[in-house]
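Novice: Given chain A, put chain B in place with the hints provided.
Residue numbers (my numbering), protein chains in the order written: chain A, 6 to 154; chain B, 94 to 235.
Hint data in this document are derived by calculation from the structure and do not stem from the laboratory.
Fair warning: there could be bad hints in the mix.
[Claimed, not checked] Per label pair, the in silico range of CB-to-CB distance:
1. Ala36(A) / Thr107(B): 14 to 20 angstroms
2. His129(B) / Val109(A): 50 to 56 angstroms
3. Glu99(B) / Val88(A): 36 to 42 angstroms
4. Tyr22(A) / Gly103(B): 52 to 58 angstroms
5. Ile110(A) / Glu99(B): 48 to 54 angstroms
6. Ser7(A) / Gln104(B): 56 to 62 angstroms
7. Lys17(A) / Leu119(B): 39 to 45 angstroms
[Stated by the list, open to error] Here's a subset of chain A near chain B, in silico, CB distances under 10 angstroms, partners left out:
8. Thr27
9. Glu28
10. Gly29
11. Asp30
12. Leu31
13. Met33
14. Cys35
15. Ala36
16. His41
17. Val42
18. Asp47
19. Glu48
20. Glu49
21. Tyr50
22. Ala51
23. Ala99
Yeah, the Cβ is synthetic: ideal placement off N, Cα and C, and Gly gets one too.
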Amino acid sequence: MSMYWEEFKTGKRYETYGRTVTEGDLSMFCAFVGYHVPLFIDEEYAKLTQYGGRIAPSAFTMSVSTAMTESLFRHTVISLMSVERGRFLAPVRAGDTIRTEVEVISKKETRNLEKGIVTFRDHVLNQNDVVVFEIDKIVMLKRRIDEVG
Amino acid sequence: MEQTLEIEEGQVFTTPSKTLTDAHFLFFSGLTGDNHPIHYDVEYAKSTKFGAPLAHGLLLAGMTALGGSDASFQINGLVFVEQGSHFIKPVKVGDTIYTQLTVEKIWPEGKRRFVRFATAMQNQREETVLKGFHVYQIVPKG
Chain A
6 MSMYWEEFKT
16 GKRYETYGRT
26 VTEGDLSMFC
36 AFVGYHVPLF
46 IDEEYAKLTQ
56 YGGRIAPSAF
66 TMSVSTAMTE
76 SLFRHTVISL
86 MSVERGRFLA
96 PVRAGDTIRT
106 EVEVISKKET
116 RNLEKGIVTF
126 RDHVLNQNDV
136 VVFEIDKIVM
146 LKRRIDEVG
Chain B
94 MEQTLEIEEG
104 QVFTTPSKTL
114 TDAHFLFFSG
124 LTGDNHPIHY
134 DVEYAKSTKF
144 GAPLAHGLLL
154 AGMTALGGSD
164 ASFQINGLVF
174 VEQGSHFIKP
184 VKVGDTIYTQ
194 LTVEKIWPEG
204 KRRFVRFATA
214 MQNQREETVL
224 KGFHVYQIVP
234 KG
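Okay, chain A solo, but in the shape it has when bound (with noise of 0.2 angstroms):
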């Protein structure tokens, strides 16, 4: 259910979907980008870490949780112009189900009345609500054109 600029309300969360992370999701991701750091592909190694096996790389969690976040403006995104602040905060496992609450952070118009600015933080919490992840993104939303006259 996409919303426009003037839904959003500023301090409210918006809960998503949840995402069990799977071992064919890491393999294919770090596959599909050329990863082959030994930490996200090679078990024997990463068993020695201080992580005790492999986890997830912070792209992968990234580009998944932003991706949860879509129907709330998939139909009113104009662009996504920055991101901002991104805080890696637990390691992310197969096996872990994540998920995503969206928090307004502020709003903005701009001088265009059918463009307004959007400043989101995207929360990442695990199954054990442990945040993972943290990042604002700054996205230019559609405004309702009859509500501005």
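Specialist: Frame of chain A; chain B shown alone:
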């Protein structure tokens, strides 16, 4: 004038060590159309002497790719002309494998020059699961 090679006999190159998952098997099955149950059907595989799905031989041969090793930036002009693989031990989901490629021989044949690499793939138990070779023609620049 003979092109200066960036490799010499005796040199050893290594590919990144990788834990194979069912996703790798599935991807290879989809790509090649080789979906024999020994590669993905757990119940079928249990009924064989191997007990678990096996990696495709050609998937393993593919994992000996020279371009996937740390030789990647010093093999300009090498054109793949022949390879062979001897599959010594089964490789299953969860096994971690890497390949060593050793420059075995560099030789001329008339105006042409060739390089032969010996390939050896090892698992996490240090067992050699594949032994083989690659031959490349050295093609002059231009």
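Novice: Evaluate each hint against the coordinates.
Specialist: A quick look at each hint next to the structure:
A hinted range of 14 to 20 angstroms holds for the C-beta pair alanine 36(A) and threonine 107(B), which are about 19 angstroms apart. Evaluation of the 50 to 56 angstroms hint for histidine 129(B) and valine 109(A) yields a pass: the beta carbon distance comes to about 52 angstroms. For glutamate 99(B) and valine 88(A), the hinted distance range of 36 to 42 angstroms is satisfied, since their beta carbons lie about 40 angstroms from each other. Range check, tyrosine 22(A) to glycine 103(B): Cβ separation about 56 angstroms, and the 52 to 58 angstroms hint holds.
Separation of isoleucine 110(A) from glutamate 99(B) is about 53 angstroms and conforms to the stated range, judged on CB atoms against 48 to 54 angstroms. Between serine 7(A) and glutamine 104(B), the C-beta spacing of about 58 angstroms keeps the proposed range 56 to 62 angstroms intact. Remark: the range hint 39 to 45 angstroms for lysine 17(A) to leucine 119(B) is upheld by a beta-carbon distance near 41 angstroms. The beta carbon of threonine 27(A) comes within 8 angstroms of a beta carbon in chain B, closer than 10 angstroms, and the hint placing it at the interface holds.
The beta carbon of glutamate 28(A) is positioned within 10 angstroms of a beta carbon in chain B (closest approach about 5 angstroms), and the interface hint is therefore held. Hint on glycine 29(A) holds. Least Cβ distance to chain B is approximately 3 angstroms, under the 10 angstroms limit. Proximity of aspartate 30(A) to chain B holds as hinted, the smallest CB-CB distance being about 8 angstroms (cut-off 10 angstroms). The interface hint given for leucine 31(A) holds, since its Cβ lies 8 angstroms from the closest Cβ of chain B, which is under the 10 angstroms cut-off.
Using the Cβ-Cβ criterion of 10 angstroms, the hint placing methionine 33(A) at the interface with chain B is satisfied: the shortest such distance is roughly 5 angstroms. For cysteine 35(A), the interface hint holds, the least distance from its beta-carbon to any beta-carbon of chain B being 9 angstroms, beneath 10 angstroms. At about 7 angstroms, the closest approach between the beta carbon of alanine 36(A) and any beta carbon in chain B falls short of 10 angstroms, and the interface hint on this residue holds. The restraint placing histidine 41(A) at the interface with chain B holds, with a minimum CB-CB distance near 4 angstroms, inside the 10 angstroms limit.
Taken as an interface hint, valine 42(A) checks out: its beta carbon lies about 8 angstroms from the nearest beta carbon of chain B, inside 10 angstroms. Annotation: interface hint on aspartate 47(A) holds; nearest CB of chain B at approximately 4 angstroms, less than 10 angstroms. Taken as an interface hint, glutamate 48(A) checks out: its beta carbon lies about 4 angstroms from the nearest beta carbon of chain B, inside 10 angstroms. Checking glutamate 49(A) against chain B by beta carbon gives a least distance of about 5 angstroms; that is within 10 angstroms, so the hint holds.
Evaluation of the tyrosine 50(A) hint against chain B yields a held restraint, the C-beta minimum of about 6 angstroms falling below 10 angstroms. Restraint check, alanine 51(A) versus chain B: the minimum CB separation of about 8 angstroms is within 10 angstroms; hint holds. Restraint check, alanine 99(A) versus chain B: the minimum CB separation of about 9 angstroms is within 10 angstroms; hint holds.
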